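Can you build the whole structure from these sequences, using the hints too?
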Amino acid sequence: MTPSTEAETPSSIATLGRQRSRAACEECRRRKLRCDGLQPKCGVCRASGLTCEVTSRDTRGPKKGHLKALKNRILELEAMLQSGDNDQRPQQQQQNRTRSSDTTLTVPSGDVSATMGASLTQTWVPPTTAFPSEVEIFLSGASIPDLGTFSALDSNIEMYLTDVIKAELRGLICLPRDQLYMDRVHSSIPIIHQRRYLSWSKSSTKTRSRTCLQLSMWTLVTLFSAQFQHMTDQLYQETKKMLETFTGEGNGDTGCDTELVQAWVLTAVCESMRADHRQAWMTAGRVFRLVQAMRLHEIDSPRSQSAISAVDSGGDFIETEEKRRVFWMAYLLDHLFSMRNDWPVTLNEHVICTRLPAPDMEFLSGQRVTGAFLSEAITEPNLHVRSAFNECLILATISGRSLLRGQQSNISKIFGGQASDLPEQRRWLDHILTTRLQVLSECYPSPAEANDPLLLFAHVLGQATVVYYCKGIMETVSSPVEEVGSEPDVLEWQQRASSASTTIIRFAKRLRDLHYSKAREQLSMFREALLNDSTRFIP
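Take the sequence shown: its letter number 21 is residue 13 in this note's numbering, and every next letter is one higher.
Rather than coming from a laboratory, the hints here were simulated on the basis of the structure. From a predicted model like this one, the values you see are computed outputs, not experimental measurements.
Calculated lysine-lysine pairs in the BS3-like style (CA-CA distance at most 30 Å, straight line):
no. : residue 1 : residue 2
1   : K55       : K24
2   : K463      : K405
3   : K198      : K33
Cβ-Cβ distance ranges computed for the label pairs, FRET-style:
no. : residue 1 : residue 2 : range
4   : P437      : E230      : 33 to 43 Å
5   : K56       : S193      : 37 to 47 Å
6   : L375      : P415      : 19 to 29 Å
Where is the CB? At the ideal position from N, CA and C, for every residue including glycine.
Here it is as structure tokens:
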């Protein structure tokens, strides 16, 4: 991070809205980013070390009468195609050429409806037309070739395609892939810093780990977009093949290990969303070993070199924060898989010396804000707003402790051991869980108002934790190790679990109000957290 970025104050950030009246610079236009309009350099150009150039442009929009003339041309063409009268076609074509020479039409984006464009596309493009592969176009980011080069198209129809359909097809195929990722995926998997990623994404000399990350991001983009899901399989296969080849050869790209772990995390999420659970948890297991090998569980340990370089020596704060985030996402996946399958967790909370992620807004803007340690956040006596991601991590930790408590109880049954502290553990977990649910209900907006997929999942995960907690207590009713209360107490736990399951259903119904991309990710997360046990308490 440059010194100029660190020197930004909240007051300067608050005035960005008044400074955006200036036109966007060429670099922001090329990257399809929102330019903050700062002078002499905007934030993107300052961070990238590029010259900030602003090109004045004429007022955009159609000239008077051009849209009406364009619609008339479309109606005439439809009438010509439907009539099928070959004798009248040459005369009609000559009239259209004459009219076209008298009036030059421009097609502004967005003036032709998507319905009309789709209809014309189906009428004019023959099935045998040799279009390039959609996956190749998606990966290259290039627009479609000049439609005049397709020999299968009739030359008479090509005259109309050049103005109408070419613009429509370009709008559908030439995609801002990276921006789609930030819009649709980042809110659910907040592990990538946009500005840092864009600083190397267009480079022609990317390392192999960064290439793997980019492919995994684009694979999730197609999975989160209903109209591009037919490209997911091919992209996924290419991404997985490249990752396995690179990892099998050994990581030879020094300093790029973070991108490699990020790529594996996104691939595990992709496999989980595709309901390939066995492959998903095997991929997740590789993620767990990678974060352990990189010692991401002790980033903020006093003995850690990464902590010293990032704080004392003025290192790259954003890079360190990305490492924290990818570790905690691996931690969350670990606990979700463990909850679903009743497995012991791999990433034990008691050996973690890595701070929780900073709030997302501060992370994306590059502000040096550090989160608390997990143990501090869990035992915080006051109700304190952190972030939806952090709430998910805290609730997952409570679920992990409840899961561990049940597993230890089963072991005690086998060996006849005594665990006199179990009632105290139960009361402590109950207090912590109640506090976190109170924080979600009182300190955060409702999921319907916030439209935040991670916040909605935090609410669902909180209720799922109640279900797992009550389930663990009821399983100890017949245990000689621990004395549980009377029969009315057991009925109270059953009623509490049933109420939590009903709340989960109510939250799940809100998925209908989310965009397809966000609802798809939430359904995948719900399945991992709730598939085994929560439904048994649904009345």
